[in-house]
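Participant: Take the sequences, apply the hints, and build the full model.
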Amino acid sequence: MSEAYIFDALRTPRGRGKTSGALYEVKPIDLLATTLTALKERNQIPTQEVDDVLIGCVTPIDDQGYNIAKAGLLHADWAESVGGMQINRYCASGLEAVNLAASKVRSGWESLIVAGGIESMSRVPIGSDGGALMYDPELINSVKFVPQGIAADLIATIEDFDREILDEYALSSHQKAANAWEAGYFEGAIIPIFDRNGLPLLKQDEHIRPDTSLERLAQLTPSFSEMGEYGFDALAKQAFPMVSQVRHVHTAGNSCGIVDGAALLLIGNEQKAQELDLKARARIVAAANISVNPTIMLTGAAPASEKALRLAGMKKSDIDLWECNEAFASVVLKYQRDLDIDPDTLNVNGGAIAMGHPLGATGAILLGTLLDELERRDLQTGLVSLCVGGGMGVATIIERV
Amino acid sequence: MIKYKKDTDNIVTLILDMSHRNDNVINHEIGQAFLPVLKHLQQEKKKGTLRGIILTSAKKRFLAGGDLEYLYHAQDANEIFQFADGLKQFLRDLESPGVPVVAAINGDALGAGFELALGCHHRIVIDNPKIKVGLPEVRLGLIPGSGGIVRLMWLLGIERAFDILSSGLRYRPKDALRVGIIDELAKNQKEMMEKARHFLLHTREGRRPWDQEQGRIPGGTAKEPEMAKRIRILATQLAKETYRNYPAQQAILNILSEGSKVDFDTACRIGTRYYTQLVLSPACKNMIKAFWFDYKSIKEGEKRPKGFGRFRPRKVGIIGAGLMGSGIAYACLLNGLEVVIKDVSRLVAERGRMYAKERIQKALAQNTIAKEEAESMLARITTTEDPSEFESCDLVIEAVFENAQVKQKVTREAEAYMDDYSVLASNTVSIPITELAQNSLRPDHYVGLHFFHPADQVPLVEIVKGAKTSEETIARAFDFVNVIKKIPIVVKDDWGFYAARVQNTFILEGITLLQEGCPPALIENLSLQAGMPKGALSLADDLGLAMVLKYEHQAAAHYGNKYIQHPAVAVLQTMIDDLQRTGKFKKAGFYQYEEGKPPQFWQDLSDHYPLAKKSFQASEIIERLLIAQVIEAVWCLQENVIRSIPEANLGSIFGWGFPAFKGGVIQYIHDYGVDAFMKRCHQFKKKHGQRFSTPKKLRELIAKDLLD
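Each protein sequence line maps, in turn, to chains A and B. Residue numbering for the first sequence follows the working numbering, beginning at 111 and increasing consecutively. Residue numbering for the second sequence follows the working numbering, beginning at 84 and increasing consecutively.
I should point out that these hints are in silico values taken from the structure, not numbers from a laboratory. Keep in mind that a hint or two might mislead.
Claimed, not checked - A short, non-exhaustive set of chain A residues, derived as facing chain B with CB atoms under 8 Å:
| id | residue |
| --- | --- |
| 1 | THR129 |
| 2 | TYR134 |
| 3 | GLU135 |
| 4 | LYS137 |
| 5 | ASP172 |
| 6 | ASP305 |
| 7 | ARG306 |
| 8 | ASN307 |
| 9 | GLY308 |
| 10 | LEU309 |
To be verified - In silico DSS-like cross-links for lysine-lysine, where the CA-CA straight-line distance does not exceed 30 Å:
| id | chain 1 | residue 1 | chain 2 | residue 2 |
| --- | --- | --- | --- | --- |
| 11 | B | LYS323 | A | LYS137 |
| 12 | B | LYS454 | B | LYS440 |
| 13 | A | LYS128 | B | LYS306 |
| 14 | B | LYS389 | B | LYS379 |
| 15 | B | LYS770 | B | LYS617 |
| 16 | B | LYS142 | B | LYS213 |
| 17 | B | LYS312 | A | LYS180 |
| 18 | B | LYS86 | B | LYS122 |
| 19 | B | LYS680 | B | LYS670 |
| 20 | A | LYS313 | B | LYS344 |
| 21 | B | LYS398 | B | LYS213 |
| 22 | B | LYS323 | A | LYS180 |
| 23 | A | LYS180 | B | LYS306 |
| 24 | B | LYS270 | B | LYS142 |
| 25 | B | LYS86 | B | LYS213 |
| 26 | B | LYS645 | B | LYS769 |
| 27 | B | LYS344 | A | LYS180 |
| 28 | B | LYS312 | A | LYS137 |
| 29 | B | LYS379 | B | LYS575 |
| 30 | B | LYS344 | A | LYS137 |
| 31 | B | LYS278 | B | LYS122 |
| 32 | B | LYS323 | B | LYS344 |
| 33 | B | LYS306 | A | LYS137 |
| 34 | B | LYS312 | A | LYS128 |
| 35 | B | LYS645 | B | LYS575 |
| 36 | B | LYS568 | B | LYS213 |
| 37 | B | LYS344 | A | LYS128 |
| 38 | B | LYS88 | B | LYS142 |
| 39 | A | LYS286 | A | LYS426 |
For clarity, every value in this text was computed on a predicted model and none was experimentally measured. Glycine included, C-beta positions come from ideal geometry on N, C-alpha and C.
Facilitator: Laid out in structure tokens, this is it:
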């Protein structure tokens, strides 16, 4: 069996996912094509050598519809022999694309794959693609499906995380991210975005607030209490009758930011590495996905991580650095508590609360960030995981080679 | 620069009056000049002492467009973007919710000038058919750069906006009202100002549709499936028409599609990015060079013989009421001239009147002329079989069929009645003027005026100077061509003059490819992709293979023992002599022609010209087809067949349809880069033959062309 290696990982800076965001004027295919072009040029790969391109995208309609992977490839003028596929595992789509690529490589059927994700949340808003799990009255009531913010508040309620501890976590995310930017930790991975004339549009993550404070965070109003009052709290309690009252503690400040962005990794086997003179940076050791209760929904990262560790025959103590997507502060805090992880090894350069969560791309971003940091610290192993809508969880373990 | 007047109703009139200029133009100054005015207006607005604003001009034109000289030389993307962005901001400040603004348009408002009008809440134009308004940027490979595209989309919807923007038409006030780009007509200046005041007194707030919560783009956005489907069709139609050679039209559609999905300001910014890209694009530079600089140089009479008074023809005689004669007559009628059409009988001559009638009826149906105008045009036609009717003509143009004896006979008949001052012209395509003028009574007044079919539409006329044609006659011919609003180029009395001679090299190159075993469909399709209006083989059939061969024989005679036979000659001889396939006229050429069916390649063509085993590279074929013409045009310059680069460029575009996005035959070399061009020709010479060797003086000849 051939191993699957990561040769490169890159991403765009993340723009605020609003009409005032720097990437709002950029078409999603432009974002994707920019990263594809950068990947091609950085690695000097003849594009016809690539077997497949797998792109995560969570709201694949309008400008992101009709298989944006193939559209982006054609827009970037890659060889017409290269195929592309868009996949959707909600927030873990970008990581799932990597895992799928690794599986294809390890099967021996394919040898060089581009995997990653794209999401222009300013252009194609979350939830605008409809869907039964979101809007079918029969289904949402039978599975007691609530918005993710309600689920995050439910976690906080059950785990007894108060507002202050969540805000403290959020503050640390901003501080770590700002520090990492300042220290240049992200530089190697960032592909700045220019307009069609080469004029700069965005060079740094736009959502990050280096100057935020606990006082400022405390002033923000809870985002999901109104929604809860509509009846979602009641629906959540029907699934979790032990809860007397859902406490609404998540705000715009301690939840992930809505942003635009794209990320890619280049994955392949050893033979291809030799042929194309690519340097393997890490080996994909194991990948896993699971699913948990759909109401509380966002607790899948820990069991997914445990499954991946089991598949790899590894212990938690074998992992040097951890990334868990900062969908909401309560998600990360529960993950850390469940797996009993040293906080100093988890999300060491901040995460989506500071820099934003471009749904389809985030999994790929996190894996790239983790690999860069392992190299910077000269550590060996890392684990990435994300909680996912519907109760799912996805995890990937890598090891530097 | 901007005069400020305020009346008792708190209505402010701003009068544009740029000092030291004939016209108000959009440049760096105007934004600066408006800054303090806008500030002052904002203060007035705050105080509640401003009811509305009337924007008008003290010049003959309301506001001319942008500064093309600046745009032609502009090389810095950031600078171009910032400039357009600044103007956009100014328009945004002007229209932003609050006080209503009326554009009182007293003269031409074109391009950026009309963008300013679009930035106002209401547009009133004096109903004078001489006034032209619109957004003609696309004709220079440009687009409105300051939000005009997005404003038009919000006012009229994606499809109507696309029609107006991609055609680049200039509208008379009535037509502008009909297509919806203005709101009102006024009889005169006084009524315009009254209507403007009336609008302001009855409008509380100036808020554009895009600044309204409930504002919607008429007909919907590109997100809506029906509109998305329409855009897909528009896109393919565009590709079909332009072969993607004209980036400005593509940009317009892109901006409308992308811009409809985002908010107004973002849409405008997307537009400005495309604008910047276009200003820097070769197609735009080439088109500005040809249609602005070259056009101006010709129209300003750079090559008109000096020292002769302006010729003001009133009455023009036409000999021959065929298609060409009728077309010339109609072109004269359109521009206020009287015409006398003569043919072998009055009945035959009446065909000229019928032609004019049909065209006039069409124009009436399309609303492009008024009824009175139509009547006056028809009243100016005389038909006759009697040459004495030419007595009072200032100019007589012979347009009978291509036979030297017949031509000489009819012109001599006419001459007998014409006065000493008048000019006699022949519309021959292939007989030397010197030969035709041999027996003329006044050979110094005899000139060639070579119109192109259809004569009332093709905007070019070759003025052919015979051996005895006087400079004064050339000057008069030049003035006449200007009167009928066409572009005069002066050419030497050599075979094929300029246009037909150069065009022939395109045809010959196409035939050569056939002989090499290139698939005929590839030749034809790549001709079109290259930007030529027709395939080389199809054009050969149209002209008749004998004519194509005749031009080449004339070339052979001209060069004598220096002549190297073109590889296409053998093919032409075989087609004509052995296969009796002489062209479309005989319904048998490279194509076969059947009634009611589109022409198809002759079914036996591949027996005679079997496909080669080698593969042909598309880009190389395209270059061969174009470079063959370019080299011939340079020979024409060297041999003084054509005397200036502007004439060579516009002559090529309008005379035989050399691609406009290349800026014409000589601009093609600048666009390619002289060194790269020479290198390519050298490669072609080695590979394809001597015809690709370049004239020695090429560099010297085209060096004069560089604009500072």
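Participant: Does each hint hold? Answer for all of them.
Facilitator: Consistency of the hints with the structure:
1. THR129: Given a least distance of 5 Å, the restraint on THR129/A holds.
2. TYR134: With a minimum Cβ separation of about 6 Å from chain B (threshold 8 Å), the hint on TYR134/A holds.
3. GLU135: Status holds, d = 5 Å.
4. LYS137: holds (7 Å)
5. ASP172: With Cβ-Cβ at 6 Å, under 8 Å, it holds.
6. ASP305: Nearest chain B Cβ about 5 Å off; hint holds.
7. ARG306: holds (5 Å)
8. ASN307: holds (4 Å)
9. GLY308: GLY308/A check passes; min Cβ-Cβ to chain B is 6 Å, inside 8 Å.
10. LEU309: holds (6 Å)
11. LYS323/B to LYS137/A: Cα-Cα ~25 Å, so holds.
12. LYS454/B to LYS440/B: holds (12 Å)
13. LYS128/A to LYS306/B: Since the Cα atoms of LYS128/A and LYS306/B sit roughly 18 Å apart, the hinted pair holds (cutoff 30 Å).
14. LYS389/B to LYS379/B: holds (17 Å)
15. LYS770/B to LYS617/B: Holds - the C-alpha atoms of LYS617/B and LYS770/B are around 26 Å apart, at most 30 Å.
16. LYS142/B to LYS213/B: holds (15 Å)
17. LYS312/B to LYS180/A: holds (20 Å)
18. LYS86/B to LYS122/B: holds (15 Å)
19. LYS680/B to LYS670/B: OK: LYS680/B and LYS670/B at ~12 Å, within 30 Å.
20. LYS313/A to LYS344/B: The hint holds at about 25 Å.
21. LYS398/B to LYS213/B: Measuring from Cα to Cα gives roughly 23 Å; hence the hint holds.
22. LYS323/B to LYS180/A: holds (24 Å)
23. LYS180/A to LYS306/B: Between LYS180/A and LYS306/B the Cα gap is close to 20 Å, so the pair holds against 30 Å.
24. LYS270/B to LYS142/B: holds (18 Å)
25. LYS86/B to LYS213/B: Between LYS86/B and LYS213/B the Cα gap is close to 26 Å, so the pair holds against 30 Å.
26. LYS645/B to LYS769/B: holds (18 Å)
27. LYS344/B to LYS180/A: Cα-Cα ~22 Å, so holds.
28. LYS312/B to LYS137/A: Holds, at roughly 19 Å.
29. LYS379/B to LYS575/B: holds (22 Å)
30. LYS344/B to LYS137/A: holds (11 Å)
31. LYS278/B to LYS122/B: Holds. LYS278/B to LYS122/B sits at ~26 Å (cutoff 30 Å).
32. LYS323/B to LYS344/B: holds (26 Å)
33. LYS306/B to LYS137/A: Roughly 13 Å separates the two Cα atoms, so the pair holds.
34. LYS312/B to LYS128/A: holds (27 Å)
35. LYS645/B to LYS575/B: It holds: about 21 Å lies between the C-alpha atoms, which stays within 30 Å.
36. LYS568/B to LYS213/B: holds (14 Å)
37. LYS344/B to LYS128/A: Given pair LYS344/B, LYS128/A holds - Cα atoms ~13 Å apart, limit 30 Å.
38. LYS88/B to LYS142/B: It holds: about 17 Å lies between the C-alpha atoms, which stays within 30 Å.
39. LYS286/A to LYS426/A: Status holds; Cα separation ~23 Å.
In this structure, none of the earlier numbered hints is contradicted; all agree with it.
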